[in-house]
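**Q** Spelled out, the chains give:
There are 2 protein chains.
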Amino acid sequence: MNQPQKNTPKKPMTAITPTREDDFAGWYQAVIKSADLAENSPVRGSMIVKPYGWALWENMQKTFDPWLKDYGVQNTAFPLLIPVSFLAKEAQHVEGFAKECAVVTHHRLEADGKGGLIPSSKAELEEPFVVRPTSETIIGDAMSRWIQSYRDLPLQLNQWGSVMRWEMRTRLFLRTSEFFWHEGHCAFEDDAGATKDCLTILDMYEKFFRDYLAFDGYKGVKTAEERFPGADQTYAFESIMQDGKALQAATTHNLGTNFAKSCGIKYQNRDGKETFAHTTSWAFSTRTIGALIMIHGDDDGMIMPPRIAPTQVMIIPVMKDDTQTSTILDFCDSLTRQLKSKGFSVKTDNRDMRSSDKMWDAVKKGIPVRIEVGAREVEQGQVTCVRRDLGKESKKTLAVHEFVETLPQILDQIHDSLLSKSTALKTAYTQNLKTLEDVKSFYHAEGKGCVKVPVSLLQDTGLEAIKETYSLTARVMPFEDEGQTVLLAKAY
Amino acid sequence: MNQPQKNTPKKPMTAITPTREDDFAGWYQAVIKSADLAENSPVRGSMIVKPYGWALWENMQKTFDPWLKDYGVQNTAFPLLIPVSFLAKEAQHVEGFAKECAVVTHHRLEADGKGGLIPSSKAELEEPFVVRPTSETIIGDAMSRWIQSYRDLPLQLNQWGSVMRWEMRTRLFLRTSEFFWHEGHCAFEDDAGATKDCLTILDMYEKFFRDYLAFDGYKGVKTAEERFPGADQTYAFESIMQDGKALQAATTHNLGTNFAKSCGIKYQNRDGKETFAHTTSWAFSTRTIGALIMIHGDDDGMIMPPRIAPTQVMIIPVMKDDTQTSTILDFCDSLTRQLKSKGFSVKTDNRDMRSSDKMWDAVKKGIPVRIEVGAREVEQGQVTCVRRDLGKESKKTLAVHEFVETLPQILDQIHDSLLSKSTALKTAYTQNLKTLEDVKSFYHAEGKGCVKVPVSLLQDTGLEAIKETYSLTARVMPFEDEGQTVLLAKAY
Numbered sequence: 012m013n014q015p016q017k018n019t020p021k022k023p024m025t026a027i028t029p030t031r032e033d034d035f036a037g038w039y040q041a042v043i044k045s046a047d048l049a050e051n052s053p054v055r056g057s058m059i060v061k062p063y064g065w066a067l068w069e070n071m072q073k074t075f076d077p078w079l080k081d082y083g084v085q086n087t088a089f090p091l092l093i094p095v096s097f098l099a100k101e102a103q104h105v106e107g108f109a110k111e112c113a114v115v116t117h118h119r120l121e122a123d124g125k126g127g128l129i130p131s132s133k134a135e136l137e138e139p140f141v142v143r144p145t146s147e148t149i150i151g152d153a154m155s156r157w158i159q160s161y162r163d164l165p166l167q168l169n170q171w172g173s174v175m176r177w178e179m180r181t182r183l184f185l186r187t188s189e190f191f192w193h194e195g196h197c198a199f200e201d202d203a204g205a206t207k208d209c210l211t212i213l214d215m216y217e218k219f220f221r222d223y224l225a226f227d228g229y230k231g232v233k234t235a236e237e238r239f240p241g242a243d244q245t246y247a248f249e250s251i252m253q254d255g256k257a258l259q260a261a262t263t264h265n266l267g268t269n270f271a272k273s274c275g276i277k278y279q280n281r282d283g284k285e286t287f288a289h290t291t292s293w294a295f296s297t298r299t300i301g302a303l304i305m306i307h308g309d310d311d312g313m314i315m316p317p318r319i320a321p322t323q324v325m326i327i328p329v330m331k332d333d334t335q336t337s338t339i340l341d342f343c344d345s346l347t348r349q350l351k352s353k354g355f356s357v358k359t360d361n362r363d364m365r366s367s368d369k370m371w372d373a374v375k376k377g378i379p380v381r382i383e384v385g386a387r388e389v390e391q392g393q394v395t396c397v398r399r400d401l402g403k404e405s406k407k408t409l410a411v412h413e414f415v416e417t418l419p420q421i422l423d424q425i426h427d428s429l430l431s432k433s434t435a436l437k438t439a440y441t442q443n444l445k446t447l448e449d450v451k452s453f454y455h456a457e458g459k460g461c462v463k464v465p466v467s468l469l470q471d472t473g474l475e476a477i478k479e480t481y482s483l484t485a486r487v488m489p490f491e492d493e494g495q496t497v498l499l500a501k502a503y
Numbered sequence: 012m013n014q015p016q017k018n019t020p021k022k023p024m025t026a027i028t029p030t031r032e033d034d035f036a037g038w039y040q041a042v043i044k045s046a047d048l049a050e051n052s053p054v055r056g057s058m059i060v061k062p063y064g065w066a067l068w069e070n071m072q073k074t075f076d077p078w079l080k081d082y083g084v085q086n087t088a089f090p091l092l093i094p095v096s097f098l099a100k101e102a103q104h105v106e107g108f109a110k111e112c113a114v115v116t117h118h119r120l121e122a123d124g125k126g127g128l129i130p131s132s133k134a135e136l137e138e139p140f141v142v143r144p145t146s147e148t149i150i151g152d153a154m155s156r157w158i159q160s161y162r163d164l165p166l167q168l169n170q171w172g173s174v175m176r177w178e179m180r181t182r183l184f185l186r187t188s189e190f191f192w193h194e195g196h197c198a199f200e201d202d203a204g205a206t207k208d209c210l211t212i213l214d215m216y217e218k219f220f221r222d223y224l225a226f227d228g229y230k231g232v233k234t235a236e237e238r239f240p241g242a243d244q245t246y247a248f249e250s251i252m253q254d255g256k257a258l259q260a261a262t263t264h265n266l267g268t269n270f271a272k273s274c275g276i277k278y279q280n281r282d283g284k285e286t287f288a289h290t291t292s293w294a295f296s297t298r299t300i301g302a303l304i305m306i307h308g309d310d311d312g313m314i315m316p317p318r319i320a321p322t323q324v325m326i327i328p329v330m331k332d333d334t335q336t337s338t339i340l341d342f343c344d345s346l347t348r349q350l351k352s353k354g355f356s357v358k359t360d361n362r363d364m365r366s367s368d369k370m371w372d373a374v375k376k377g378i379p380v381r382i383e384v385g386a387r388e389v390e391q392g393q394v395t396c397v398r399r400d401l402g403k404e405s406k407k408t409l410a411v412h413e414f415v416e417t418l419p420q421i422l423d424q425i426h427d428s429l430l431s432k433s434t435a436l437k438t439a440y441t442q443n444l445k446t447l448e449d450v451k452s453f454y455h456a457e458g459k460g461c462v463k464v465p466v467s468l469l470q471d472t473g474l475e476a477i478k479e480t481y482s483l484t485a486r487v488m489p490f491e492d493e494g495q496t497v498l499l500a501k502a503y
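Those sequence lines, one after another, are chains A and B.
Going left to right, the first sequence walks through residues 12 to 503 as this note's numbering numbers them.
Going left to right, the second sequence walks through residues 12 to 503 as this note's numbering numbers them.
These are computed hints drawn from the structure, not numbers from a lab.
Please note that the accuracy of each hint is not assured.
Claimed, not checked - The list that follows gives simulated cross-link-like pairs (lysine-lysine, DSS-like), each with its CA atoms no further than 25 Å apart:
1) B/K445 / A/K125
2) B/K406 / B/K353
3) B/K44 / A/K133
4) A/K100 / B/K125
5) B/K73 / A/K73
6) B/K100 / A/K80
7) A/K133 / B/K100
8) A/K353 / A/K407
9) A/K125 / B/K44
10) B/K73 / A/K277
11) B/K73 / A/K358
12) B/K272 / A/K125
13) B/K351 / A/K73
14) A/K80 / B/K353
15) A/K80 / B/K73
16) B/K125 / A/K80
The model shown is predicted, which means the values in this text are computed figures rather than measured ones.
Please construct the entire structure, taking both the sequences and the accompanying hints into account.
**A** Shown next as structure tokens:
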């Protein structure tokens, strides 16, 4: 089978140890550390998103949020805590979510007499709260008060924030107890409105992932088994990582009237009759940063898609002796100002470090374009420019004005190239198979990647055993096959 | 004494009941409700910030955040939960904060057998967590790992999010268990760096409040008693509300080496010696929305300062009969597009409601400029324009092009007028008094507002009794008097 981006056996030193081929999970952690994106915190299961990682998330928010607003969504902020009784309202939802939550039981600490603090026994809450694992129930409760008439519909709400689901085995960005996301919650008059919303938002996600994060994937609908707890229908965008596993990058849920019934979201319809609203919810989270790493990264570290990169261009002054310092720095400053005025995100690395260390730092952080400026460049009004995705093979010297003029194309080329590689990865890692026997032999022979099989196999009693043996789940029924196939894969 | 903006006794109907004069606290709640800014939630003490209120907060973030970035601050995200042992590290801090917190003691719920859910006894945490009341301790812990050398300083971090301090008596925006804010946490080589940071950020707050929120106040330093728990010095911006009470709109804290010592934030200085860093923290929160209401609002509701208003211009189509509908709406659409293209925030209210209700809605929401467009306006290429702060007295008809051209000036005039009124309010509500006897007689005679007295009175043993009797606190020692005076006031 095809194994994209396979390491050549005699590859020289890489910036990241271990390499992807040697230990994909270890490589993933090392990329995050060397790019300074995030780290584990002293709060078990929770991460600290460091400035460079948070700048990436902010860029994602800044790009996506205006699209939601144009579509009619209004941002809002609901309480962090949810009364436990709210969770219990929707039967399937509680089954799926109530289990692993951070439970708030007290509202005061007191001295334990040994220099420490303990929850005060006099301050136990009558009803405990959970830190929100998701906000359907508390937003549903508000919707039941805010919606009276069909004139109040559609009601399209969204909030950016964090949620918490207690996790025992955590991995930065991919699975942490607290993670960051946006969560949309909308109410419509009927199923047509809710379905249209789910598909519209799913298209918006696809556009965002392809046009900004430069990754491809399968858009489709989840099987009944894999639906969000309490949803009638769940749609998803599933991407394929360089190790062949799938990652659910975003989901949209048609909740039917399930939450409307449990929360009491009723409205007077156009005929004056009291009717249950149809609700939806949808989200993507900081998991997409994990996807970015595992789709685009290489053995030298992170590769940032240029349209979302916190820094698009890193300028590295290369001083051989002190006499050059001020002219080189002036040149860098002037170039920085020029690029900034054209809307590029650019930095000069003027830290007190060796320039080779600065270059490797830019490489490991995945900064799309690196510029080196030494005495020769200043003298000739040139810059030496390297594309992160192509490495030193792409090194070339350009006149400053030429660089400034072509930078938009350079960034677009990087974007296009990353997206093509992601599409190639998806194709190479998808086997179209017909029978359960085929699936079995593929994975038995240590095949990597996912398999697309006829949807009828979902009814086959032999499927469960195969899923269990090879840790497969049904990811999605891709739209491209009009519901005739289902994608099975190991997944993050 | 002067009482600014006093209601005239025979004022006709107001949009808000009760009026400010009749019941300021009731008026405050009614303004929030009628402007649809926020509401109480089913989670005791926590609020729901509704779309219009959140849009205001987002505008505040969008304005202020780039200033922090220009100054060198990097945004980041630290865990929501803080181990209880962390809080206990800094003695004064625990004294000030540990008491009323949301305490997480379990990580799982289980069925109680009666259809409800309870914390699982098998899932009790070995060490409880609190939902962060503020993040000095957990950020200090990270700083102790991130900072090694003077080269790592200054380290300037900030996060936007929510925090939680359990409150028994809550009021929307002013005092809720969960509230939204930004919190900056920085480390410097020495006290000079930390002090400069506190003053720089305080100036930034002042600029933001004056130039965007259009309110004035006293910048100064807190008395020892009123410092943040664990700070060597606390600086604040205190504003005066229309009822004469003070509200602390923002604070900056010089934490000295207190947190550095308790968290172990040490660095190798320029002489190679291990040294404790000097840290600072600073914040403003959604309380400033409460201040906006109580400084600018009137008996018809909210008045939004134009540079921060979610909607600067509301266009109201006035249709007398159905034949006019489409030409009027076309006219409104075209005007909306024209204003949007110039960067104004503008909406057409095309809801299915009476136009008089739309006008009152725009009034109660405090939209700075209201435009009415009827058949006559369309015919003559004109708009009828009303300033919210001046009311119907300011109604005038302008040619469309004239309105579009002068809108920046109109908005600036509204801003300047609001700011002047706030300065007048501050002046009118500040009594310069010399002795404790003066203070006593002023409040005994039901004087409203705050008093500025010589700082030496802080040493007077009689002060405590007066503070208690009249619910006064020492707000700030204003910079304008170079530490010679202290401002005493009732405060929110």
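**Q** Given the proposed pairing of B/K100 with A/K80, does the C-alpha separation stay at or below 25 Å?
**A** violated, 44 Å
**Q** Does the alpha-carbon distance linking B/K73 and A/K277 stay inside the 25 Å limit?
**A** Violated - the C-alpha atoms of A/K277 and B/K73 are around 36 Å apart, more than 25 Å.
**Q** If you draw a straight line from the CA of B/K44 to the CA of A/K133, is it 25 Å or shorter?
**A** Violated, at about 35 Å.
**Q** Given the hint that B/K351 pairs with A/K73, test it: the Cα-Cα distance must not exceed 25 Å.
**A** holds, 19 Å
**Q** With a cut-off of 25 Å on the C-alpha distance, tell me whether A/K353 and A/K407 pass.
**A** holds, 22 Å
**Q** CA of B/K73 to CA of A/K358, is that 25 Å or under?
**A** The given pair, whose Cα atoms are some 22 Å apart, holds under the 25 Å limit.
**Q** Under the criterion that the straight-line Cα-Cα distance not exceed 25 Å, is the pair B/K272, A/K125 satisfied?
**A** Answer holds: B/K272 to A/K125 is near 21 Å, not above 25 Å.
**Q** Just to be careful, I want the Cα atoms of A/K100 and B/K125 compared with a cutoff of 25 Å; is the pair within it?
**A** Cα-Cα ~13 Å, so holds.
**Q** Take a quick look at whether B/K445 and A/K125 sit within 25 Å of each other, Cα to Cα.
**A** Cα-Cα ~48 Å, so violated.
**Q** Is the hinted pair B/K406 and B/K353 satisfied, with a Cα-Cα distance of at most 25 Å?
**A** holds, 23 Å
**Q** Quick one, are B/K73 and A/K73 close enough, alpha carbons at most 25 Å?
**A** The hint holds at about 10 Å.
**Q** With the threshold set at 25 Å, check whether the alpha-carbon distance from B/K125 to A/K80 stays at or below it.
**A** Not satisfied, since the Cα-Cα distance of roughly 43 Å exceeds 25 Å.
Violation of the numbered hints given earlier is confined to hints 1, 3, 6, 9, 10 and 16; the remaining hints are satisfied by the structure.
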